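Chemist: Chain residues, written in single-letter form:
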Amino acid sequence: MTVTDEVLTLHNLTESEYQKILAILKREPTITELGIFSVMWSEHCSYKSSRVHLRRLPTKGPAVLQGPGENAGIIDIGDGLAVAFKIESHNHPSFIEPFQGAATGVGGILRDIFTMGARPIAAMNSLRFGPLDKQQNKRILEGVVGGIAFYGNCFGVPTVGGEIYLADCYSQNPLVNAFALGIFEKDKIFYGRASGLGNPVIYVGAKTGRDGIHGATMASAGFGEDAGAKRPNVQIGDPFMEKLLLEACLETMHKGLIVGIQDMGAAGLTCSSCEMGARAGTGVELDLDYVPQRESGMTAYEIMLSESQERMLLVAEKAKEKEVFEVFHKWGLDAVTVGRVTSDGLLRVRHHGQVVAEIPNGALADEAPLYQRPLLPPKATLSSRLDDHSFLDGCPPALIETFLSESNDWNKLLKLTVASPNLCSRRWAWQQYDHMVQSNTVVGPGSDAAVIRVKGTKKALALTLDGPAYRVARNPREGAKMAVAEACRNIVCSGGRPVAATNCLNFGNPEHPEVMWQFSEVVDGMAEACSFFFTPITGGNVSFYNETFGGDIYPTPVLGMVGLIEDISFVTRSSFKKAGDSIVLIEPVTRRVGKVDLEDERAVQNLVASAIRDRLVESAHDLSEGGLAIAVAECCYSNVERAAIGAEITIPSHLEVRKDLFGEFSSRVLLTTRKVAELRQRAEQMGLTFHNLGKVGGNRLILNYESVKLVDISTDELESAWSGGLPKLLS
Amino acid sequence: MKFGVVIFPGSNCEQDCYYAIRTVVGQPVEYIWHQDTSVKGFDAVVLPGGFAYGDYLRTGALAKFSPVMRAIADFAKKGGLVIGICNGFQILAEAGLLPGALLRNVGLKYLCKFEYLRTETTHTDFTNLMTKGQLLRIPIGHGDGNFFADSETLERIEDHDQAVFRYADAHGRVTPEANPNGSLNNIAGIVNEQRNVLGMMPHPDRAYESILGSADGKLIFESMVNALVTK
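Top line first, the protein sequences correspond to chains A and B.
Heads up, my numbering is the position in the first sequence plus 62, with the first residue counted as 1.
Heads up, my numbering is the position in the second sequence plus 791, with the first residue counted as 1.
Any given hint could be a false lead.
Each pair of labels, with its calculated beta carbon distance range [what the hints assert, rightly or not]: (1) A/Lys520 <-> B/Gln925: 30 to 36 Å; (2) A/Gly749 <-> B/Leu926: 45 to 51 Å; (3) A/Lys771 <-> B/Asp941: 34 to 40 Å; (4) B/Gln985 <-> A/Gly518: 34 to 40 Å; (5) B/Phe856 <-> A/Thr71: 41 to 47 Å; (6) B/Gly870 <-> A/Glu385: 17 to 23 Å; (7) A/His316 <-> B/Thr814: 55 to 61 Å; (8) A/Lys771 <-> B/Tyr847: 55 to 61 Å; (9) A/Leu461 <-> B/Gly817: 55 to 61 Å; (10) A/Lys520 <-> B/Val1020: 28 to 34 Å.
Simulated crosslink set (BS3-like; lysine-lysine; CA at most 27 Å straight-line) [what the hints assert, rightly or not]: (11) B/Lys793 <-> A/Lys790; (12) A/Lys200 <-> B/Lys904; (13) A/Lys520 <-> B/Lys904; (14) B/Lys855 <-> A/Lys392; (15) B/Lys793 <-> A/Lys639; (16) B/Lys855 <-> A/Lys790; (17) A/Lys200 <-> B/Lys900; (18) A/Lys517 <-> B/Lys793; (19) A/Lys196 <-> B/Lys900; (20) B/Lys793 <-> A/Lys392.
Sample of chain A residues facing chain B (criterion: CB under 10 Å; computed from the structure) [stated by the list, open to error]: (21) Trp492; (22) Gln493; (23) Val499; (24) Asn502; (25) Thr519; (26) Ala522; (27) Ile630.
No lab work stands behind these hints, which were simulated from the structure alone.
Note that this is a predicted model, so its numbers are computed, not measured.
Each residue gets a CB set at the ideal place from its N, CA and C atoms; glycine is no exception.
Please build the complete structure, drawing on both the sequences and the hints.
Modeler: Below you can see the structure in the form of structure tokens.
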């Protein structure tokens, strides 16, 4: 085969990368080998642009059983139990084919979890779309939500939380980040290792087709006008098959039949086989004639690079091969031995009796090129105009002008604001997700953090996703710190202690020095805040090349934080509980917008945590987009426990009305209590500002400002504006 | 009283039913594999929710051919207690053990939310611990829960007091607004004429402890135990 420049371009390989391949092989690669290198060395699989930066993130801690580098991170939650969790992007496929792209994103992250032996017990998702006045964005949003529901509901994992955020930069490049978490006994962890010479390598699950060939390379390039032509690259999801795969895999694990297992995700059979070999320091020999195929006449290149879904590769003990087959056949699944573990450290692939590839596993998995790409702070940054009210970003210009105008009809403004694109209820979306299956959901979607109980213990887990894209776009380092601070605050407000996190780093083209600068800043900000709060990053995913027609998205890190609630009786909701409860606002002495002081943040969180533990708090809600007025309104809406409830508060004047009502100052929480004096004393002892704002009760929300009544509106009316916001935008 | 919970390929609520019956109701329970040909030794059988065979063809259309369904039909004929929840209801309807069919929700979307159910009759082995008109808060989670029957069948269901639960509002009024999926007469659950087979779309197996938002679902399992004890 002649490797021309054109062939290299098609494989997204550079000339110097090709030279490296020649040096490793000491000969010209076959076309199959070139394909294998191209996917394993793609940005998506090799992290070649990000690895030098990611090393700066804290990854260790007393609770961490497994950090980055495996299919998912694992933390110890006591009682002999552990949880595995991770977040991953499926952005590019979701733009090309929203329903299947999102569905297979969910499928992929679930496989990462049960590959390790854990049963998935919760899923969440963080989504970004362009404004919904464009038909295409509506179609993408509806497709993505439908795809997530289709996959998660059938698989039987509750989708307990997430976020949807709209801004212009996501118009041609939506983000779909899927999070999953699973639980298991901590001495029953499985790894992706091909150990034991002569052990059979077994292929299980769906048959291999031509779908998804070069998915990983596609995710490593931007989109131009040919995006539609890439539709065949998107895989099709079968959640029923995945559910069977889950049960069968867990059964083989519990019966002690297998020694290693890895799912076939990005780069399919290639990635799973060479990574398992590399981790164990062994070789893997595959005979593709045995691979179950859905289509006829597939070449070795196609079989090795296919990204057909719902497939796993496992290594069993030689004597237990038959028992493995029995389990899979019981569940009606294909299980075929396609190779064996060897001692030579090579990935050797045979097809029709000929060796078509022979590459050292280590070269593929660990020796990908490493780039220290140039960094450059961007010349033009986002305007500071919306700093006080970041939720306006992504809103129609008319709404922004109305909001910022000198209008003083505060009733009308509040109603408009709660229905605005980034503040209105996401119920339309999450009602389509089964968020109750497995009967562990204590606090479901729509709260600061989701809470699921851990059966057989008195514990619960608090989970949240946070990605304040506007803040990061304005200041990547501070924005990343704010993401960590807010995620921790959400966990603390729900009654938990933040333990560890996973991150999904969505960025533009890494070959743009401005993008790499943003990336480096975000990593530094995240590293600083995660170290400060003792919440190591146990894994995650980097998604570059989020650009279309040359425009990069906002730098969008999404943080998935996992917290532990020691006693389920500590679980605290954000909603107001009962008429007569006092509403108080806690904040640091210094108000800040767009940045966070970590010491102040810690003081606020410590106060909330200790007050919840000592039963001083009835509800706790973190203040974020839309500030105090929006937070109070959110606490009034109906929930699974009660109908909508009113409140009357007096807002302390500080600067000007609009900022005092809707300003987004950092590190603030809204609590309700029946023990005002005790809480005040405690807050003041910790050097925090304490405002006794008013009381819960009635069926109207009344906001006074000094002696003026600014807002007086029925909570039912407000709630229907809020909950009708998204359906109206989509209609 | 020994309960059996059937597992079809694609069932996903079997563990919830198992946990509710064993831990909360405190009765012995075992799983039944869909290829089993007998349900001997069980006092009550639960068909749990999920997506049997992926529901790719039509809900319940393939599951009704599972070997265990023949055994369950015999068991029901002899008066054994059978409850089908969500997908279990769809399977019972498809298998002809219950009248009517479950169509796509009128909104065409899957819906997961709490609903109020009005108890229409206490003369069943599933509602004997309730009072007539009692409101239960039990969540739904389905895309195909729109109960349909031809007018003759529907009339029969109503005449024979077979509609066990109806979707209602918080005040117990059966209104079109309280109907989440378009079900005829707001029907959420029905029994067969012998009153020993119940199918319901809402999930009592997700509402058996107050921490989950409601413990009302427990009453259904406890009524079954009560019926079995007094039989």
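Chemist: With reference to the structure, classify each hint as holding or not holding.
Modeler: Cross-check of the supplied hints:
1. A/Lys520 <-> B/Gln925: 30 to 36 Å: Cβ of lysine 520 of chain A to Cβ of glutamine 925 of chain B: about 31 Å, so the range 30 to 36 Å holds.
2. A/Gly749 <-> B/Leu926: 45 to 51 Å: Roughly 50 Å apart at Cβ, these two residues keep to the hinted range, so it holds.
3. A/Lys771 <-> B/Asp941: 34 to 40 Å: 59 Å, violated
4. B/Gln985 <-> A/Gly518: 34 to 40 Å: Holds: the Cβ-Cβ distance is about 38 Å, inside 34 to 40 Å.
5. B/Phe856 <-> A/Thr71: 41 to 47 Å: 53 Å, violated
6. B/Gly870 <-> A/Glu385: 17 to 23 Å: Given about 41 Å between the Cβ atoms, the range is violated.
7. A/His316 <-> B/Thr814: 55 to 61 Å: Distance hint for histidine 316 of chain A, threonine 814 of chain B is violated at roughly 21 Å.
8. A/Lys771 <-> B/Tyr847: 55 to 61 Å: About 58 Å separates the Cβ atoms of lysine 771 of chain A and tyrosine 847 of chain B, which means 55 to 61 Å holds.
9. A/Leu461 <-> B/Gly817: 55 to 61 Å: 56 Å, holds
10. A/Lys520 <-> B/Val1020: 28 to 34 Å: With a Cβ separation near 32 Å, lysine 520 of chain A and valine 1020 of chain B satisfy 28 to 34 Å, so the hint holds.
11. B/Lys793 <-> A/Lys790: 51 Å, violated
12. A/Lys200 <-> B/Lys904: Satisfied, since the Cα-Cα distance of roughly 24 Å is no more than 27 Å.
13. A/Lys520 <-> B/Lys904: 26 Å, holds
14. B/Lys855 <-> A/Lys392: 19 Å, holds
15. B/Lys793 <-> A/Lys639: 41 Å, violated
16. B/Lys855 <-> A/Lys790: 41 Å, violated
17. A/Lys200 <-> B/Lys900: Roughly 16 Å separates the two Cα atoms, so the pair holds.
18. A/Lys517 <-> B/Lys793: 22 Å, holds
19. A/Lys196 <-> B/Lys900: Holds, at roughly 22 Å.
20. B/Lys793 <-> A/Lys392: 25 Å, holds
21. Trp492: This interface hint holds because 8 Å falls under the 10 Å limit.
22. Gln493: 6 Å, holds
23. Val499: 6 Å, holds
24. Asn502: Result: holds, 8 Å to nearest chain B Cβ.
25. Thr519: This hint is violated: threonine 519 of chain A lies away from chain B, its Cβ roughly 13 Å from the closest one there, beyond 10 Å.
26. Ala522: 9 Å, holds
27. Ile630: Hint holds; isoleucine 630 of chain A Cβ to chain B Cβ min 7 Å, cut 10 Å.
The earlier numbered hints that this structure contradicts are 3, 5, 6, 7, 11, 15, 16 and 25.
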